[in-house]
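Top line first, the protein sequences correspond to chains A and B.
Plus 155 on top of the position in the first sequence (first one is 1) and you've got my numbering.
Plus 204 on top of the position in the second sequence (first one is 1) and you've got my numbering.
Quick caveat, the hints were computed from the structure, so don't treat them as lab data.
Among the hints, erroneous ones may be present.
Claimed, not checked - Pairs of lysine to any residue, SDA-like flavour, derived with a Cα cap of 25 Å:
1. K307/B to G492/B
2. K257/A to T810/B
3. K257/A to R793/B
4. K247/A to G379/B
5. K257/A to F398/B
6. K257/A to M806/B
7. K538/B to D739/B
Given next are the chains, with one letter for each unit.
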Amino acid sequence: MITLGHYLVVSGMLFALGLAGVIARRNIIIVYMCLEMMLSAANLALVGFSRFHLVNGLPDYTAQSLVFFTITVAAAEVAVGLAIIVALFRSKQSVDVESVTKLQG
Amino acid sequence: MNASIPLLLPFFSALVILLGHRQLKGAAVLISVGSSIISFIACLALLAAADDKTNNQLLLPFIDVGHFHANIDVLIDKQSRGMMFIVSFIGMLVHIFSLGYMKDDEARPRFFGSLSLFMFSMTGIVLAGNLLMMFIFWELVGLSSYLLIGHWYQKASAAEACKKAFLTNRIGDFGFMIGILLLFGANNGNVNLFDLETAFKHGGPLALGSPGYNASFTTAAALCIFLGAVGKSAQFPLHVWLPDAMEGPTPVSALIHAATMVAAGVYMLVRVSFLIEASPLAAEIIAGIGCGTALLAALMATQQNDIKRVLAYSTLSQLGYMVMAVGAVAMAAKNGHDGAHAAEPGHPAMFHLYTHAFFKAMLFLGSGAVIYACHHEQDIWKMGGLRKHMPVTFWTFSIGTAALMGVPFLSGFWSKEAVLGVAFDSGCKVLFLMGAATAALTAFYMTRLLIVAFFGKPRTESAHHATEAPMVMILPLAILAIFSVISGYDVLATPLQAMKPPHVEGHQTVLVASLLALIVGVGSAIFLYRGKDKDPISIKLFANKFYFDEIYAVIVRVCQDRLAWIVTALERVFVDGLIARLPTAIVARIGAATRMLQGGHMQGYTFLLGGGVIGVVYLVVYVLPRLGH
């Protein structure tokens, strides 16, 4: 029997892996992919919750349709994010996050 | 007659000239001289409309806060009317004289602007109906005196002198202010002169002998107010600024540092004489300081070689006389000799102030004519023989000298006798003897000045080629010479009620003493200086003014500089260190520490964000429930 706990554990692991990737990796494209993974983890958790939240004996589909929205928006966000990465590569000639330190105080 | 004309006219003149003296140029001179002439006519009208009543006019409510009122109001009585006449008359003559004396000066508009400012402030003092207003104008004359002494500010000595005059006066002004505040507190915030007099006069709540009377308080107030006069009238120990003030142009010396401003201290003392009479101790101190100044200054004058400095020390000495008279009148009043200053005749100090104003202004203007003729040579030993080259100046100067020495039937004789008479009445014989000694010394040094500068042979080229001064300079001299003769007589003094000579009857001693002093002084001076080309006597102590400047320099070095050093050290530690530097250092450190977090590495931020989220989750899930239950 698969319970909500299982979903959440998988979701948490995905999220933790994504976060570790974002923090540790140097290639900005990998970092970006890890970021998408964290988003997927959040989606998974949402779907899991909706499956186990019963309304009149049926799963709550509102959340599941919300996930579709999230995925759509994430796709748009990917377009923007990749465009930023391309622009960054053009100015720095590198995809190493260490080379982007403009925010230094 | 409205008294605001002589007050406001010089004010507007000063305002216009000082704001626009670059554009006005020659017109500035005309505005200033014109305003002084119109002011004089207004003062004559004021005098003509004289009634015996004391008239208090409110001109402007200056500060009006709650129960506190400071007004610009004018008090017109016999004293202010008489003083207005002196100020505006001599002011006008000095304006006219300056037309000649300052002819070649490039900064003429500035000079005349400052002169108008002085006329405005001096008029303010004379007319002031309350002590606060008097204090405001008191400071203003200090300012205009500063500006005028420093007229030739390119000269280092003039710049030093104006600074010295201003700072020395500040000491006195501070005392004056404390005195005013004491009276302010004692009389429920009312420092109106008329009301104060009512309070302190016989039967008033603060009068001598009434339950509200407090001897030490009254003495303190009187002495603080007197300190103001000590500064302005250059009494010992604040007398050091006046001789140095001779660095200013000579007309200024005549007007400000001989006839009017320095007399303002005496005038103010006469104004508050009710206060001095209420405190016998203060009266004795005032008389003593006046007398001491008179004698010391006369001794110093005997060894000066600068023509203006001799006159400056003589001014000091005569001011000492007036201050002594103020104190002595109060002392005499205590002793029951009321005759000398009973309501009707004038106060001896005012009488001497009035005669002195004429002959001393004339002597200064005369010395100005001499200096002008000798191409700005001021050393009397480099003059000589001017009698033949400048006859008019010589004769007027001689009349002034004779009046100052107290030759019988000239104005100085009457007023000096009035002063000596009241000193005699004061019951303190030392005052009288010192006064008589001063009179002898005065005769001595003035005769010396006259003989050395005007008689004998010219000792330098410039003295040889000296010619008579132009008409605009001669005319004021002549007018003042006439007044030096007649001002002692009732014909002129009676309309100026306050200046009316007090009757000195039955004072054979005084008469004999003053005549003896005159003969001794003149005789010894003629005997010593006749035909001499250099000073036959040399007394270092007198020539160096009793080393007062040096003593003050040491006092400043020893006390003030040390104190300043300590204060500087405290400021470095507390103000600069604890208040300014320490907080900035703390903020800078905190900034440096937080700046290290802002590495600019995205991943660092993400790591912190993740750590933060974990921390929040840990708190919400594990810590808060345990705290809640």
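Results for each hint:
no., hint, verdict
1, K307/B to G492/B, "violated (44 Å)"
2, K257/A to T810/B, "holds (16 Å)"
3, K257/A to R793/B, "holds (23 Å)"
4, K247/A to G379/B, "violated (76 Å)"
5, K257/A to F398/B, "violated (79 Å)"
6, K257/A to M806/B, "holds (10 Å)"
7, K538/B to D739/B, "violated (46 Å)"
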